[in-house]
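Student: Those protein sequence lines, which keep their order, are chains A and B.
Counting from 158, one number per residue, gives the positions in the first sequence under this note's numbering.
Counting from 113, one number per residue, gives the positions in the second sequence under this note's numbering.
Quick caveat, the hints were computed from the structure, so don't treat them as lab data.
Among the hints, erroneous ones may be present.
With a straight-line Cα cutoff of 30 Å, these simulated DSS-like cross-link-like pairs (lysine-lysine) come out [said to hold, decoys possible]:
1) B:539 - B:449
2) B:449 - B:419
3) B:449 - B:522
4) B:539 - B:419
5) B:449 - A:173
6) A:173 - B:419
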Amino acid sequence: MRTTPLVELAKTIRSKNAGVDQITFDVIFADRASYDLVRRSGALTADAVCRLYGIPRERLTAFVEYDPALAIKFTIRRERPSGSPGERDVFGAQQYAPLFDLAIPVGD
Amino acid sequence: MADRLSILSPTGHLGFTPIERGSFELGVARRPDLIVADSGSCDIGPQPLGADEHCSPEAWQRHDLELMLLAARRLGVPMIVGSASDTGTDRGVRQYAAIVRELARKHRLAPFRLATIRSEVARDEVARRMAAGARVEGLDGRDDLTPALLARTDRLVAVMGVAPIIRALDGGADVVIAGRSSDSCLFAAPAIRAGFPEAAAYYLGKVLECASFAAEPFMGKESIIGTVSADAVSVTALHEGQRCTVASVASHAMYERANPFFEHVAGGVLDMTHCRYEQADERSTRVTGFSFRRDAVYRIKLEGAGKVGERAVSIAGIRDPYTIRHIDAVIAWARGKVQERWGEPGERYQLHYHVYGRDGVMGPWEPRRATPGHELCLVVEAVADRFEDAEVICALGTRNLFYARLPEVKGTAGTAGLMMDEVLRGKPGYEWTVNHVLPLADPLELTTLELEEVAAA
């Protein structure tokens, strides 16, 4: 089956702190067709996100489809609170990049 | 009760970068009923709270307060600023109140009433309540607060809800400077006081708290204006290049929160599950369908930060492809040399290697860790009780990147490129020790309101 990288289907792909213990990810689509295509593809799911980031399922604290914003949203609990010594991204703002290459099946 | 109330929101974090004047003045020209802004965040990390410092330059804080104060006094409407000076500690409240008094003198403003609300909480106060049986429940998967964790906390603030702000307005305040506050409550408080339903009031706060982030295209520090009525909230972009669209307003509901459907505040939860969004005019979106549930037990969020140690940082580069392939062995060598003298990392010190060019940004979440770039930047971070110790550990951990012993290395005159043979002093390392909620018998507990007349003379 032919695939398209998620970055070509989504309007916005971002990450940001949700409080001091979690980072939340938003994948937002410009139109209903792209949103439906991706959420029905089975390629962007809770399990797929855990595989991509190499995290156990219990670190993923939310995974929701949010129709009003045509968005798929998930949240990961940090290993340690934001800004502790050893911090890599205090705002959690650069954790989304691996989502770009996620291969979304788009039919034959 | 008036049938509508409008609030001008000029910035999502007063003082962080200066408010843009153009859209702010367009908002003032619409004669809002209040001007409201939040000035703090826990996004900036635990150090400002722990050390009780502001991270925004005072010149920008003064700039933003001046713009808001002069407009509010000119219109004769209240102005509310919460989470004063980045942290919302007592220091922040005192600092902003002093700036407001100074601006009143500078501009010879007619007398007005200033309210300050402090919400810093003494560690002993929390310890006393825990000893008396209060459960301080952890948020976001944390365990309940323990005496040991509390003992590691240098400073705590309570994140106030609407009650103290309503009380300040009841006291006739023209200007409210509040300590740490829930962003949306700063906007919700005057709306609830004016008689609007809690659901609409909290939604108004939710949509206005980050100013132009609720509009598109993306712009920071531009003003937006929101209007609440009995069952709807309308929000309008003021910058000529921005619009509040169904997409921008709906997607803002999920910005910076784990779940887009619920917003927890002191005293209850705003439910946005059944929100309906419609484009009211070119620049405005109208929202209906929110609801609000009060909690059975009133609980307030506590934020606390504690010092971990003094911090030293240095930088090294690696270009040899063989060394890059064996970078983990190089780091293990350097760690080993530190351990020979300082023992295992832990209580005594921490040593972190940030490997930019491989996984410096994402660490273990990086899926492309196996394919590093052709050169690497290593940032070595050491933390210890005394800076002198952190400095030595950092130097040892960096210079041994240079002396790493690899079996087949060709470059036998040094295995790292040092930008400089120097260790830099970082700000001390802190951690968020407290992200918990504490039950209260009365929503006004833990806050202190003071009212004063400010006269220019």
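Student: Work down the list of hints and note, for each, if the structure agrees.
Tutor: Cross-check of the supplied hints:
1. B:539 - B:449: holds (25 Å)
2. B:449 - B:419: Cα-Cα ~27 Å, so holds.
3. B:449 - B:522: holds (22 Å)
4. B:539 - B:419: Satisfied, since the Cα-Cα distance of roughly 11 Å is no more than 30 Å.
5. B:449 - A:173: Outside the cut-off at roughly 37 Å; violated.
6. A:173 - B:419: holds (24 Å)
When held up to the earlier numbered hints, the structure conflicts with hint 5 and nothing else.
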